[in-house]
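**Q** Line by line, the protein sequences are chains A and B.
Here the numbering used here is used: position 45 in the first sequence is 45, and no number is missing along the way.
Converting from the second sequence to the numbering used here requires adding 1000 to each position, the first position being numbered 1.
Note that these hints are calculated values from the structure, not bench results.
Just so it is clear, the structure is predicted and the values come from calculations on it, not from any experiment.
Misleading hints may appear alongside valid ones.
[As the list claims (entries may be wrong)] Keeping only pairs whose Cα atoms sit at most 27 Å apart, straight-line, the calculated DSSO-like set for lysine-lysine is:
hint : chain 1 : residue 1 : chain 2 : residue 2
1    : A       : K151      : A       : K114
2    : B       : K1051     : B       : K1097
3    : A       : K120      : B       : K1311
4    : B       : K1097     : B       : K1190
5    : A       : K114      : B       : K1158
6    : B       : K1158     : A       : K38
7    : A       : K151      : A       : K120
8    : A       : K38       : A       : K97
9    : A       : K262      : A       : K38
[Unchecked claim] Reference excerpt, derived from the structure (chain B facing chain A, CB under 10 Å, subset only):
hint : residue
10   : R1246
11   : I1277
12   : L1279
13   : A1326
14   : S1327
15   : H1334
16   : A1422
[What the hints assert, rightly or not] Label pairs and their in silico Cβ distance ranges:
hint : chain 1 : residue 1 : chain 2 : residue 2 : range
17   : A       : P79       : B       : N1259     : 20 to 26 Å
18   : A       : S140      : B       : V1263     : 56 to 62 Å
19   : A       : Q165      : B       : T1421     : 52 to 58 Å
20   : B       : N1259     : A       : T147      : 51 to 57 Å
21   : A       : P202      : B       : R1023     : 40 to 46 Å
22   : B       : V1329     : A       : P202      : 55 to 61 Å
23   : A       : P79       : B       : V1263     : 51 to 57 Å
24   : A       : Q95       : B       : V1423     : 56 to 62 Å
25   : B       : T1421     : A       : S140      : 38 to 44 Å
Backbone N, C-alpha and C fix where the C-beta goes; we use that ideal spot for every residue, glycine too.
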Amino acid sequence: MLMNAQPEVAPVRATVGDVTVPNPLMTCRNVDVWYGEKQAIRAVSIDIARAQVLAMIGPSGCGKSTFLRCLNRMNDTIPSARVTGEIVFDGRDIQNKRQDVVQLRSRVGMVFQKPNPFPKSIFENVAYGPRIHGLAADRSELDEIVTESLKRAGLWDEVKDRLAQPGTSLSGGQQQRLCIARTLAVNPEVILMDEPCSALDPIATARIEDLIDELRRTYAIVIVTHSMQQAARVSQRTAYFHLGDLIEVGPTDKIFTNPSHKLTEDYITGRFG
Amino acid sequence: MNPISTRTPKETQLLVARSLRRRYRSEFTFRALGVLAVSLGVLAVFGLFGKIIADGASVFRQSYVTLEVNYDPAVIDPEGQRTPEALATADYQALIKAALREKFPGVEGRANLRELYQLVSSGSFLSLQRAVVADPRLIGTRTRLTMPADDSVDMFIKGQVDRNAPVAERRLTDQQVAWVDRLTAAGILKLQLNREFLGNGDSRDPEQAGVRGALLGSLLTLGLTLLLSFPIGVAAAIYLEEFSARNRFTDLIEININNLAAVPSIVFGLLGLAVFIGLFGMPRSAPLVGALVLTLLTLPTVIIASRSALKAVPPSIREAALGMGASQVQTVMHHVLPLALPGMLTGAIIGMARALGESAPLLMIGMVAFIVDVPKGLTDAATVLPVQVFLWSDLPERAFVARTSGAIIVLLVFLVVMNATAVYLRNRFEKRW
Chain A
1 MLMNAQPEVA
11 PVRATVGDVT
21 VPNPLMTCRN
31 VDVWYGEKQA
41 IRAVSIDIAR
51 AQVLAMIGPS
61 GCGKSTFLRC
71 LNRMNDTIPS
81 ARVTGEIVFD
91 GRDIQNKRQD
101 VVQLRSRVGM
111 VFQKPNPFPK
121 SIFENVAYGP
131 RIHGLAADRS
141 ELDEIVTESL
151 KRAGLWDEVK
161 DRLAQPGTSL
171 SGGQQQRLCI
181 ARTLAVNPEV
191 ILMDEPCSAL
201 DPIATARIED
211 LIDELRRTYA
221 IVIVTHSMQQ
231 AARVSQRTAY
241 FHLGDLIEVG
251 PTDKIFTNPS
261 HKLTEDYITG
271 RFG
Chain B
1001 MNPISTRTPK
1011 ETQLLVARSL
1021 RRRYRSEFTF
1031 RALGVLAVSL
1041 GVLAVFGLFG
1051 KIIADGASVF
1061 RQSYVTLEVN
1071 YDPAVIDPEG
1081 QRTPEALATA
1091 DYQALIKAAL
1101 REKFPGVEGR
1111 ANLRELYQLV
1121 SSGSFLSLQR
1131 AVVADPRLIG
1141 TRTRLTMPAD
1151 DSVDMFIKGQ
1161 VDRNAPVAER
1171 RLTDQQVAWV
1181 DRLTAAGILK
1191 LQLNREFLGN
1201 GDSRDPEQAG
1211 VRGALLGSLL
1221 TLGLTLLLSF
1231 PIGVAAAIYL
1241 EEFSARNRFT
1251 DLIEININNL
1261 AAVPSIVFGL
1271 LGLAVFIGLF
1281 GMPRSAPLVG
1291 ALVLTLLTLP
1301 TVIIASRSAL
1311 KAVPPSIREA
1321 ALGMGASQVQ
1331 TVMHHVLPLA
1341 LPGMLTGAII
1351 GMARALGESA
1361 PLLMIGMVAF
1371 IVDVPKGLTD
1381 AATVLPVQVF
1391 LWSDLPERAF
1401 VARTSGAIIV
1411 LLVFLVVMNA
1421 TAVYLRNRFE
1431 KRW
């Protein structure tokens, strides 16, 4: 091994397929993310469509979660992270210093890999967002928001009799639906999901997938997943990431049946990943 | 030795069996050492507590003499003025002496009478004085009054000096022993709950000396220390852990906090003397200054413990809150702090326990003085329990040996109560995860 060898930097691979959509909700252009000296994603450009599920797939460490976290500036919480490029949402670059992250995150909600309900009651978990954003004028309105959010997350029937119990007492799948309900309570426009089913069993996963299908009528959803079957089941559009590059974007049917790029094909067919 | 590929399963098993024996041996040694270490610790604790309790338990009871005292107007206030000055300066000792003479009418001669008077604590007149000043209507009445016996009588009654010992060692003459026996037989002299020890401040007379002054001094000092060091320490920890950028400057602060935790406590005392008393002109011997010094002393402990409590809160909770659109302050106040609070309380317990036992820095700021009055406020002269222990351990009277241990018992009870409260609070705040 040569000690002085410079790390080999491969040229940025151009994205295959159409990254644009008509009337996009968010427009990302040439987004780069560095963690310290290491570049995690390179020149990613993609549009996020309204009322549609965009699945991001790719091998571990390909940068799909990193990109997802750019969309609500969760990368701000990592001190060494640096994001460049343009992410336009509602006509404004969210990277702008004047963009209020609190406001952004109320419009772009997020569901994490591991269910992470607050160690408070089920009611308080869902009521937290409306409370801090001042969405409910009084208690009855708050009750209404909580009830509706739990209903839309498909959790109401299971928890309606025990809203005062801690959210952490629920099963894993229920906890994840609680986290989705918590996000819905703020009434966001985009929901980001970072491998939301990776800690769940197949039955709980199926319920979440049904829920995602339900929610896409109203929300733009971006989901990162390791399961290609899941991507195929829930998404209408798929983006394939490889080592920090966005390799291919296209309608989900096409990506899974007739990928254009060799790397995409290799991944889809299970040659690596 | 055979390489693995050519070794038969049997040979391998033989080697494994041999290694197993070695493993069992080392495991047994480790366990034995552990048991030994724990036993030594338990033995040391029980030895220490046993010795202290054996020495100090007797102090919670004291010999009292019950005498019928005549509040003779001719002695208290011969001129009949009833002014507070006259009442405060009257010769109450004479009333006690008269009561003793009444009890033993046969005793005559100065030397014999002096021996008789020695049976009762020389400080007893103070309680008479207080009673009369508080209620002058007592004058002219006769009341049965219980007052502490002298410390040599007390030790004799408790069997701490041998009846047959030489007079010099026994500190009671044969005549006095006879009187004590008579008083005991009559039920006039007996052991009772030691009100002086728990109710009085310091005194040169062992039978009048009490821990109340030191106890209140400790309470005032530690109360203020907790009020200052917990909020400041928690605020500093939250800022450093959750808000400040990580750079050289914060690294420097972190190193300094860690170093501060290792600074000998007497240095903090010198600092307190120079800054709080010298520069700011605060009163000497005051719990206020003691609390400020102890705050400086406990702050590093509280900060370090609070920071590790914050570090232990899983990052997923922060992400959840931030992802909901909570601001950083909301994230910390609503989610992180409640989860970190039990750990912070543990840090505060450790800090306060250290502060409670500190005496060196308080010596520097004058909390070592001989203070009879029980402190009433933060600026009154006071001492604290460990310093009281230190002071009494130095006194020549033998009766102070028991009082030193008694003060240690009070200190330990204080410590246990304080820790139990903190543990109770911690358990109440602890959230099931």
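**Q** Could you run down the list of hints and mark each one as holding or not?
**A** Verification of the supplied hints:
1. Taken as a hint, the A:K151 and A:K114 pair is honoured in the structure, with Cα atoms around 22 Å apart against an allowance of 27 Å.
2. For the given pair, B:K1051 sits about 39 Å from B:K1097 by alpha-carbon distance, which is inconsistent with the 27 Å threshold.
3. Under the criterion of a C-alpha separation no larger than 27 Å, the hint pairing A:K120 with B:K1311 is consistent with the structure, at around 20 Å.
4. In summary, the hint linking B:K1097 to B:K1190 is supported, as the alpha carbons are separated by about 19 Å, within the 27 Å threshold.
5. For the hint linking A:K114 to B:K1158, the alpha-carbon distance of about 69 Å lies beyond 27 Å, and the restraint is violated.
6. Taking the CA atoms of B:K1158 and A:K38, the gap is about 80 Å. The hint is violated against a cut of 27 Å.
7. This hinted pair checks out: A:K151 and A:K120 have alpha carbons roughly 19 Å apart, not beyond 27 Å.
8. This hinted pair checks out: A:K38 and A:K97 have alpha carbons roughly 23 Å apart, not beyond 27 Å.
9. Straight-line distance between C-alpha atoms of A:K262 and A:K38 comes to about 26 Å, which keeps the hinted pair within the 27 Å bound.
10. For the restraint placing B:R1246 at the interface with chain A, the shortest Cβ-Cβ distance is roughly 6 Å, inside the 10 Å limit, so the hint holds.
11. The interface hint given for B:I1277 is broken, as the beta carbon of that residue sits about 43 Å from the closest beta carbon of chain A, more than 10 Å.
12. The criterion of a C-beta within 10 Å of any C-beta in chain A is not met by B:L1279, whose closest approach is roughly 40 Å, and the hint is violated.
13. Given hint, B:A1326 at the interface with chain A, holds; its Cβ is 5 Å from that chain's nearest Cβ, closer than 10 Å.
14. Taken as an interface hint, B:S1327 checks out: its beta carbon lies about 5 Å from the nearest beta carbon of chain A, inside 10 Å.
15. Of the supplied interface hints, the one on B:H1334 holds, with its beta-carbon coming within about 7 Å of a beta-carbon of chain A, less than 10 Å.
16. At a threshold of 10 Å, the smallest CB-CB gap from B:A1422 to chain A is about 22 Å, leaving the interface hint violated.
17. Distance hint check for A:P79 and B:N1259: the Cβ-Cβ separation is about 25 Å, which falls inside the suggested range of 20 to 26 Å.
18. Roughly 58 Å separates the CB atoms of A:S140 and B:V1263, a value that falls within the hinted 56 to 62 Å.
19. About 30 Å separates the C-beta atoms of A:Q165 and B:T1421, a value inconsistent with the hinted range of 52 to 58 Å.
20. For B:N1259 and A:T147, the Cβ-Cβ distance of about 55 Å falls inside the hinted range of 51 to 57 Å, so the restraint holds.
21. At about 42 Å, the CB distance of A:P202 to B:R1023 agrees with the hint of 40 to 46 Å.
22. In this structure the hint that B:V1329 and A:P202 lie 55 to 61 Å apart at CB is violated, the actual value being about 41 Å.
23. At about 31 Å, the beta-carbon gap between A:P79 and B:V1263 misses the expected band of 51 to 57 Å.
24. At roughly 49 Å, the beta carbons of A:Q95 and B:V1423 sit outside the given window of 56 to 62 Å.
25. The supplied range of 38 to 44 Å is met by B:T1421 and A:S140, whose beta-carbon atoms lie about 41 Å from each other.
Consistency note: the structure conflicts with the earlier hints numbered 2, 5, 6, 11, 12, 16, 19, 22, 23, 24.
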